[in-house]
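4 protein chains.
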Amino acid sequence: MKRIKTAIVGASGYTGQELLRLLLLHPHVELVAATSRQEEGRALSAVFPRFSKVDGADLPFMLPDPDAIAATGAEVAFLALPHGVAAEIARALLERGLKVIDLSADFRLRSAATYEEFYGHPHPAPDLLEEAVYGLPEVRGEAIAAARLVASPGCYPTSIILPLVPLLKADLLEPSTIIANSMSGVSGAGKKADLSLIFCECNESARAYGVPKHRHLSEIEQELSIAAGEDVTISFIPHLIPVNAGIVTTTTATLKDGASAEAIGRVLDEVYGAMDFVRLLGEGSCPDTKNVTRTNFIDIGWTFDPRTNRVILMSAEDNLGKGAGSQAVQSLNLIFGLEPTAGLQFV
Amino acid sequence: MKRIKTAIVGASGYTGQELLRLLLLHPHVELVAATSRQEEGRALSAVFPRFSKVDGADLPFMLPDPDAIAATGAEVAFLALPHGVAAEIARALLERGLKVIDLSADFRLRSAATYEEFYGHPHPAPDLLEEAVYGLPEVRGEAIAAARLVASPGCYPTSIILPLVPLLKADLLEPSTIIANSMSGVSGAGKKADLSLIFCECNESARAYGVPKHRHLSEIEQELSIAAGEDVTISFIPHLIPVNAGIVTTTTATLKDGASAEAIGRVLDEVYGAMDFVRLLGEGSCPDTKNVTRTNFIDIGWTFDPRTNRVILMSAEDNLGKGAGSQAVQSLNLIFGLEPTAGLQFV
Amino acid sequence: MKRIKTAIVGASGYTGQELLRLLLLHPHVELVAATSRQEEGRALSAVFPRFSKVDGADLPFMLPDPDAIAATGAEVAFLALPHGVAAEIARALLERGLKVIDLSADFRLRSAATYEEFYGHPHPAPDLLEEAVYGLPEVRGEAIAAARLVASPGCYPTSIILPLVPLLKADLLEPSTIIANSMSGVSGAGKKADLSLIFCECNESARAYGVPKHRHLSEIEQELSIAAGEDVTISFIPHLIPVNAGIVTTTTATLKDGASAEAIGRVLDEVYGAMDFVRLLGEGSCPDTKNVTRTNFIDIGWTFDPRTNRVILMSAEDNLGKGAGSQAVQSLNLIFGLEPTAGLQFV
Amino acid sequence: MKRIKTAIVGASGYTGQELLRLLLLHPHVELVAATSRQEEGRALSAVFPRFSKVDGADLPFMLPDPDAIAATGAEVAFLALPHGVAAEIARALLERGLKVIDLSADFRLRSAATYEEFYGHPHPAPDLLEEAVYGLPEVRGEAIAAARLVASPGCYPTSIILPLVPLLKADLLEPSTIIANSMSGVSGAGKKADLSLIFCECNESARAYGVPKHRHLSEIEQELSIAAGEDVTISFIPHLIPVNAGIVTTTTATLKDGASAEAIGRVLDEVYGAMDFVRLLGEGSCPDTKNVTRTNFIDIGWTFDPRTNRVILMSAEDNLGKGAGSQAVQSLNLIFGLEPTAGLQFV
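Protein chains in written order, with the numbering used here: chain A, 3 to 349; chain B, 3 to 349; chain C, 3 to 349; chain D, 3 to 349.
Do not rely on the hints blindly, as some may be mistaken.
Because identical chains cannot be distinguished in the list, a pair is counted as satisfied if it fits within a single copy or across any two copies.
Claimed, not checked - Pairs of lysine-lysine, DSS-like flavour, derived with a Cα cap of 27 Å: (1) LYS171 - LYS55; (2) LYS258 - LYS194; (3) LYS4 - LYS215; (4) LYS194 - LYS4; (5) LYS55 - LYS193; (6) LYS55 - LYS215; (7) LYS7 - LYS55; (8) LYS215 - LYS194; (9) LYS258 - LYS7.
Honestly, the hints are just simulated from the structure, not real lab data.
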């Protein structure tokens, strides 16, 4: 089988490194380009000693030049760039005939106005928003398969949206009562020399941040609104905890009048029971990040509290895996008609 | 100044160890007894190498025999025992004229029926419930000062109750909308050889547990109901995160009609601004456990989200400090008329 | 290609779990049996939620009965059992025609007397010692390929022996000056409910242990003696540090008269430069455990100190990977004539 | 009792923060000045939320101006500055009549040539070297008490020198055989925004660094040479491990001909048995960093290996405590004739 020639643009951060790991191992992918301004000319394996003696890791980093990327024959490019920067190179690569799977926030919102509200500057490529597909494979698999431009979701949104969507679609929850508390590993903050991220500032520490209006709220509310068929506004409180990777999210919502607790489990099972990367732990079980790190799984548990009439949904995923890199690879598999689990069968 | 002769019953766990640390250093306390069945006859410093060459730590552990404890001349005893066990020895010590500061759950609830509902067995000493004072010094300082039997609060309840009480008293919050998510260090689970607590099971892991009806809910709801003047039922979701000590709690609640966000900060400031161990970080600031570990401080931050009309309250404390040991010492200071900060001025 | 029917005996500990992970993913292996007395009848995925929805993980645990294992058609069995227990089942499986790759210490020593000296009881199967091959593929590849019984080395020995063997063979080091200091992650202590292993006892802690005569010294000295052609006695000091997995070992030795520092790098390069799983970082580079966790690589760096005439050798490996599970799979690949990297190409 | 007016120059790093903690709590100290260029004008408690509501922590940071410091009436200044910078301000403060306790490396070496060899630039104040006293209170208590300028030792040197000095003085060890392996917490690397220090790069990682000629070797060898009465050259290999604070050091050395293992324990006991801050764990016991963090203790264990004729010395200390801040306070107590344990009786 012919391998898909693939590029990673912005491969020197934590998400980029995870994409490298996944694509170097993917049986149907040939990594033909990886870009990094700082590391240009150095082999992947020189920059990341972890990849030394790994097949394909002698590839040198190149500059993020669209023509040069296209010249490698790449059919698809993953973008692991800051928001605002990704849009421009996405357009350039699309114009050169590549498919683009963008892991930044640039194409996740349908509304350029919402983008400007949450990100503080005008959208850099509003004309592409209509075409972009929000890349949650469990929710929008068909659209992803047909897409030229996929906006792969953020880590927090994935952990919040997936448990809620089937329940909102089934009209079981009061949308206005949704409150999500997430705890994320430090890799979610990116690989940057920031004093607040050094070991002694994060170890033996836990704290909320980004309240009350974290940027990812915008895509969360967009997707929940679509599922609910009405505008949904929620509370979202992210926290930083001292683990390298992993997110655990606890979401509470009030059951609608007439909805039964039993329906929660039934609907989740109907929608996700047969899906490859969603694991339902069942009522009363609490997911643990350690079971999902370095995988593409999201584990979901739930319970109902009759005292408050609230459902408690709990999910765990790897913020660099299902929350970033491996979820983007899931989209690649859909776009190119590969087995859904190709390159993602690690545990 | 005469030192207060003090005993610790059940001094070999994490809470007991923290009490040892605090009382060995307390300038107005003489530690005359520390009990442990397993360690009987061994010096504190032999069991806890950390206390080697510390003044007073050559005291040998004794059996938890009430007569023997009374014979040491102890005027007050701290109980760091499992619930169900503490009540009996509390009674015996009270009968022998000691004051008792109990860190178990045995005397925290006013209702024996609620105790049985949450703890699964009949209350072991229901006749003492009326006399016991729930030992939150910031809320019940006068009663504690006059008490013979103090029920020192649990770690989760302290972190949830303190931020809420002034706001409920001021009628600013809708009690039925309160949802508390807490993240606790592993020492909160106690010092026991449990497979789920070994390093590799907790490190690089985060998970909810004990949903939806954790035992501490009972005392939380009791205290919030008193503050609100009505029955309060809340959602409480505890999580375990890989730190030794510390709890961070995020509580959301809807503002009552007519209440203003400004009132939140004002009320907190009026009530807590001058208190020794509550530190208000101000609007928009998020407390971090690393600033409170090994202290008796609770740090409180808050923010208001006009999009949802919800207040977000965030608190951080040391689960073994303000959440257990040092808070109990605060009660000791009140009972014996000491400076409120005596023995608690560490940072 | 026909898959090799494979069994894991003792699959519920950390090493067993790592073997499960590797063998479930191995392209040329079919896992037909996994044993655990405690978990008998439960599916692998039920015991280890990490393996849920992983192909092959619905296999139920069975009892470690040799006849039952043989009845599955298994051609080879990995033993992840305590020393003393492994020998008996190894014999039974050999008698039933299986190859055995034993990860315990039972067959690592050539001398039953040395075994008794270090392990405190007579060897349980001394007649099998002559046949057993010490399973260090980089040192004894040919013998492993022909073996019926492989004694897969311990984690500390691998990290100490591999850097030293070529240098001792080349007569560059004074054997009597060898001192090895190792730091190991907590998983090396096994999955057991031991108070000294709980999170709060290991986190924010570092300590030596097992001095001066750790059991693994016996196999280390045996292998170094073979390489040196003379009896070698060394100092070995293991330490426990708060990471889940990984060992870093620092070994010092005095250069022999007439030996040159340049020869160190040259010899290492000649012997290991082309090997799949040894990565030479070069002079002056220090290996980091985080680059080798969950891989079969051992990273080796070195430096020479002219002030003391000592070579400093540094190695890093995953104690559950190259130090246990994946190294054992390397032996499987040799025995069955597979690609050396089959099933081991993860990063 | 009059409090000693004290200044901290360079109080915004980890060592500075530890000094702040210690001096704010010291019963005989009044903190009158703390300097930081970046934080000038901000209160200590604003920069370090941990010190909020702590007595004395409303002091604002000032610029490190010698005249301004002297104008506060300070009698003594602690310098927690980078090497090369400390010397100049030390001289200026000495000229203004202050005592100086310098925690940098600037005055630790007796030889300006050795300083230049190890630190790469000429010594900034060679005329002060003769006067400076190497501030190891257990070794040089009398000289410290009479000193105007104390060079407080580094963290690694303290952990290596203290166990060795009595044994070298007693002529029990072969100096040329000394090899020290140390593992340090990340705070030892300082509080700086360095990519190699961010959480995800240090967590789940262990690595050697700085081989073979770490800067601290110079002061270690100087002090060991004085104790041995001959030039001593050793091997020293530092490692970084993922804990906030703490150093554990393992030192091996060959016993001299005619020396007995029993003498090791006897000599250590004679010299250190009655000292306040050295705790001898006895033969066969291994010190653990978790017992010494946030204290001024150094714990020492040892064992003898008759197979190799080597002594294994193990020590544990807090790199910010006995290895930096609290050891400097020990010198303060000596200089001003206070109780040796004043302000250091925490556990």
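Notebook entry, point to check: Hints broken by the structure, by number, lowest first?
Noted result: Hints 2, 3, 4, 6, 9 contradicted; others consistent.
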